[in-house]
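**Q** Use these hints to put chain B with the ligand onto chain A, whose structure you have.
There are 2 protein chains.
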Amino acid sequence: MDFKLYVITNQNIAQGKDNLEVVKEAIIGGADIIQLREKDMSTRNLVNMGNELKVITKSAEVPLIVNDRVDIALAIDADGVHLGQDDLPIKEARKMMGNDKIIGISTHSLEQAIEAAAMGADYIGVGPVFPTQTKPNYNPVGLELVEKVSQRVEIPFVAIGGIKLDNIHEVIKAGAKRVAVVSGIVGVEDIESAARSYYKNLIKCL
Amino acid sequence: MDFKLYVITNQNIAQGKDNLEVVKEAIIGGADIIQLREKDMSTRNLVNMGNELKVITKSAEVPLIVNDRVDIALAIDADGVHLGQDDLPIKEARKMMGNDKIIGISTHSLEQAIEAAAMGADYIGVGPVFPTQTKPNYNPVGLELVEKVSQRVEIPFVAIGGIKLDNIHEVIKAGAKRVAVVSGIVGVEDIESAARSYYKNLIKCL
Ligand code: NI
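Chains as they are written, first to last, in this note's numbering: chain A, 7 to 212; chain B, 7 to 212.
Treat each hint with caution, since some may be false.
Because identical chains cannot be distinguished in the list, a pair is counted as satisfied if it fits within a single copy or across any two copies.
In the PhoX-like style, the derived pairs of lysine-lysine whose C-alpha atoms are separated by at most 25 Å in a straight line are [as the list claims (entries may be wrong)]:
#1 107 to 97
#2 45 to 170
#3 154 to 141
#4 183 to 154
#5 179 to 23
#6 206 to 23
#7 64 to 45
#8 101 to 23
#9 154 to 179
If you are wondering where the hints come from, they were derived from the structure by calculation, not from laboratory data. Quantities reported herein were computed from a predicted structural model and do not represent experimental measurements.
Chain A on its own, in the form it takes in the complex:
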């Protein structure tokens, strides 16, 4: 499993498009991993949406990761689960998911990054790098943490939080090889073209 452009859904900010459309366009534009992250949806609706998304991601051979919910990831046979520091501990999640599934962990400090790697995370998220509307209550960790993690942690990490077309080169320069995007792709009119621009800027800087 590796990836460059990680797109995370947010039905609340999608410009009148449903997640099927959002994910389809993002993948065409270059997203090579998708996270289903909807905080206000019932379990049943998440399962139904996840099953629909899986048809798209599977045919595109793009991993589908479920935010927080191991039960939903198992129910839809997703490729993995992404856990925040307030979600299930990775040890419990691994027991349920097995070794073949991807487990990603959000980290907000070098300590958390090292711990997640030690606990067997397949990848970690590092952020929020910049201030972001998606997580307004978090203090940005800055490019400093990206740099430290790139030097100290061996497993793949993805930079997340406020990454825009015009700051992505700084993030890559700081050591990131993967970026995660929500509003910059999911919240714009032309999702496909936004994804394509992110992807281009990303590989240009690598």
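**A** Then chain B with the ligand, alone, in the frame of chain A:
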């Protein structure tokens, strides 16, 4: 597995008591099954609370059921899970939970009750019997549904929704042998004595 008085947590209405205290007092008063149902809590906090509650319920030999979240039920090795019509389908839940765990299903019509029984539910909830503050958007199903279910469904069912000390005898007369209570026990000052009163009124009418 059988029970008479099913108490469901709701930290938001507990009179300054944490759920450990709530559950302890409810069990002393007569609750013989407990459901952890907290809609605004992070997964991590639910796991931690569930693990703490399990110490109490286990030593009292009272089943602990987790609302909605199969992943949390598995993580804390709870006795079962309770699923609403908007939660995981029972088929998926059973695959994850196995046959030894309890699966309960909320039903709001005779059709749903029969379907849940057919799908292998261990018990069903039937309600809301009366109008209730916990689910203000549901139309009460009335004593009529309690009566129909008691005549047509073989698996254990528990009546829920607006059941008070002064209407419990009607519910039992309509055919219920078990009642579930939230605010009438969890939301009062003296939880133990409320649970005891419910229990007494319940068995008096059986
Ligand atoms: Ni009576």
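**Q** Among the hints numbered above, which are violated by the structure, and what are their numbers in rising order?
**A** Violated: hints 5, 8.
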